[in-house]
Amino acid sequence: MTAYLIRNVSPVGGEPTDLLIRDGVVAEVGAGLTADGATVVDATGLVALPGLVDLHTHLREPGREDAETVESGSRAAALGGYTAVCAMANTSPVADTAGVVEQVWRLGREAGLVDVQPIGAVTVGLAGERLAELGAMADSAARVRIFSDDGHCVADPRLMRRALEYVKAFDGVIAQHAEEPRLTEGAQMHEGEVSTRLGLTGWPAVAEEAIIARDVLLAEHVGSRLHVCHVSTAGSVEVLRQAKARGVRVTAEVTPHHLLLTDQRAESYDPVFKVNPPLRTAADIAALRAALAEGVIDVIATDHAPHAVEDKECEWAYARPGMLGLETALSVALDVLGPRWDLIAERMSRVPARIAGLTGHGLDPAPGVPANLTVVDPAARRVIEPAELASRSRNTPYARMTLPGRIVATFLRGEPTVLDGKAVK
Amino acid sequence: MIRHLLSGADLDADTATLVLDTAAEMATVAGREVKKLPALRGRTVVNLFYEDSTRTRISFEAAAKRLSADVINFSAKGSSVTKGESLKDTALTLQAMGADAVVVRHPASGAPHRLADWVDGSVVNAGDGTHEHPTQALLDAYTMRSRLGRLAGLHVAIVGDVLHSRVARSNVLLLTTLGAKVTLVGPPTLIPVDIATALAPGIDVSYDLDTVAPGVDVVMMLRVQRERMSDSYFPSAREYARRYGLDGPRMRRLPEHAIVMHPGPMNRGMEITPEVADSPRSTIVEQVANGVSVRMAVLYLLLGGSNR
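Sequence order for the protein chains is B and E. For the first sequence, position 391 matches number 391 in the numbering used here, and the numbering has no gaps at all. Just so we're on the same page, the numbering used here is the position in the second sequence counted from 1, plus 425.
None of these hints come from the bench; they were simulated from the model. Fair warning: there could be bad hints in the mix.
With the C-beta cut set under 7 Å, the calculated list includes, among others, these residues of chain E facing chain B [claimed, not checked]:
#1 Ser-511
#2 Ala-533
#3 Ser-534
#4 Ala-536
#5 Arg-539
#6 Gly-554
#7 Thr-555
#8 Ile-620
#9 Thr-622
Ideal placement from N, C-alpha and C gives every residue a C-beta, glycine not left out.
All chains, please: the whole structure from these sequences, using the hints.
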């Protein structure tokens with residue numbers, strides 16, 4: 001195993017120092033380190049972060065390998081600075097059995113670019129009717145702890161209550177896609193001025209807020225952990241703020257695109273901007289950014305959702321919702337939060353690792369900790385070119401935008417997955 | 426001249442007036458024994474219809490033929506998804522055939538915008554989903570101007586299912602541009618709360634037809650789909666008709682000179698009674714005739730009348 005000596009790097013934005021990576025761990029931290037035979041990486045001006053952890057990734061395998069595979073998605077993740085991703089369950093077949101989650105977990109190991117932690121479905125086939133075998137998935141080799149029907153809301157309140165209760169047996173958490181289905185039938189974009197003008201059926205903010213309000217009450221009632229996926233409205237932030245103040249065990253994530261892009265993007269009718277929940281208003285963005293800084297929202301998660309060209313190069317109403325995120329998330333975070341490295345490490349690595357129960361991740365570089373880390377050039381600016389992305393799909397909403405920051409290197413247990421900004425394998 | 430006509434917002438006051446004035450000239454052709462002009466000889470107009478709409482398709486077809494264009498009717502009923510060929514592939518096919526203009530009717534809002542990205546010719550929106558129908562607004566404006574002599578200062582009430590109406594959206598945009606005052610009337614479930622900020626800040630909203638009726642020059646009744654009832658937008662067809670339908674007694678409370686319009690097809694007995702539809706105040710048949718003249722003007726200006 002090659003040793004790496006990262007010279008003059010700023011750990012989480014602190015004073016520049018050297019990091020020696022050997023045998024899968026951070027062996028030494030300190031100025032002026034030397035190590036015979038180590039590959040030296042000059043990181044002057046660069047920042048080291050604990051490897052990023054994504055709580056919300058769609059890898060599409062099994063089922064839609066034309067849009068993404070575990071391997072291509074893992075490569076995109078590594079290039080985005082990630083060392084672990086949680087793979088959502090809405091594959092085909094659905095990840096609702098021990099067999100499917102173990103398959104995804106094994107594909108992740110074989111790719112070896114990030115740790116792929118499968119998420120299990122809450123209900124059989126995501127149909128919202130009866131619980132999947134949550135315990136079997138928890139006990140499988142994939143050791144599933146997060147369960148989600150993402151893409152669909154667990155709308156039945158009784159079923160949601162049972163799921164919240166049941167997973168307490170193995171310290172699981174239900175990650176809810178908060179969308180009251182009756183309020184969003186046929187919905188195409190945020191309900192508001194722009195949807196009225198464009199004649200596209202609205203997705204009202206209340207459809208998200210009503211479910212979050214219900215679910216925090218349910219979680220409080222049964223004393224369970226709840227995680228809320230892709231929070232997108234100012235009203236949701238208020239519901240979460242109140243619940244947290246009462247001591248409800250709820251965590252929440254926001255996506256990069258909900259922190260940066262508004263519903264006005266739909267004016268082009270280009271479905272690359274179609275996503276669920278939809279892009280909201282500038283006022284929502286302001287509330288989400290404030291909540292993220294404050295800790296009402298705990299995590300930035302990508303909701304990386306690759307789609308084949310034919311599923312996006314069509315009429316808005318017929319397009320699938322979702323956008324790429326892994327390779328641009330850190331840049332968007334830098335753009336939105338500025339170089340607040342401790343906050344970025346908290347929201348993109350430490351807290352998501354804790355929520356997912358990934359003990360080897362989310363740890364700042366220190367002697368003896370697993371060498372899962374990423375090295376960022378904060379001064380770089382790059383123009384996002386869809387064709388240059390490692391994902392199999394091209395549906396990035398940031399095409400031709402200039403964003404700050406570039407991932408220079410990523411290490412997974414001491415092995416580089418990215419060096420010089422390029423994937424190692 | 427603009428290249429595409431996708432929205433009522435594409436037309437400024439001068440351009441809209443030019444279209445209406447040109448339509449008036451085109452209307453004289455309809456009175457001749459030989460109803461044909463050579464203006465678009467050798468040009469190809471494709472009618473691309475993803476929805477059944479006999480009246481709009483025939484209107485565009487007649488307009489193009491009276492201008493001597495070659496007309497290809499491409500009926501692609503059902504969505505591109507069920508049909509198997511994508512809108513983009515259809516667009517590339519039309520492009521390869523050398524279509525100078527594509528007139529498109531589509532159930533998905535924004536489909537004409539997408540099409541305009543993929544073809545070199547002009548795209549005319551002939552109704553897209555619940556978005557817009559700009560030539561309908563032009564023919565409505567033309568009809569108002571013919572009957573009442575002007576558009577600036579007119580008070581127009583648009584009554585019914587504004588939420589789902591492409592006719593309403595295009596009319597609000599165009600009429601406001603041309604200086605008319607618009608009031609939208611209907612049940613609160615069918616009028617988006619932010620419609621004024623979304624479309625035109627000067628418009629009014631009312632939930633009571635009877636208070637609006639005495640002060641208007643034009644009442645435009647929108648078609649109301651009976652299916653809206655099952656979605657609880659209103660309790661029953663009868664209740665809708667009582668509150669928002671135009672019947673004889675309500676019509677008689679309109680000012681003497683006021684006209685009654687409807688884009689068709691009508692639900693007689695729902696939003697409009699036969700007595701009103703067949704009365705001298707009704708412009709419904711004129712609207713159809715004017716549709717051909719206005720569409721001739723649009724095709725002529727987009728294709729032939731410009732210095733491209």
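Numbered hints the structure breaks, given as an ascending list: No numbers; nothing is violated.
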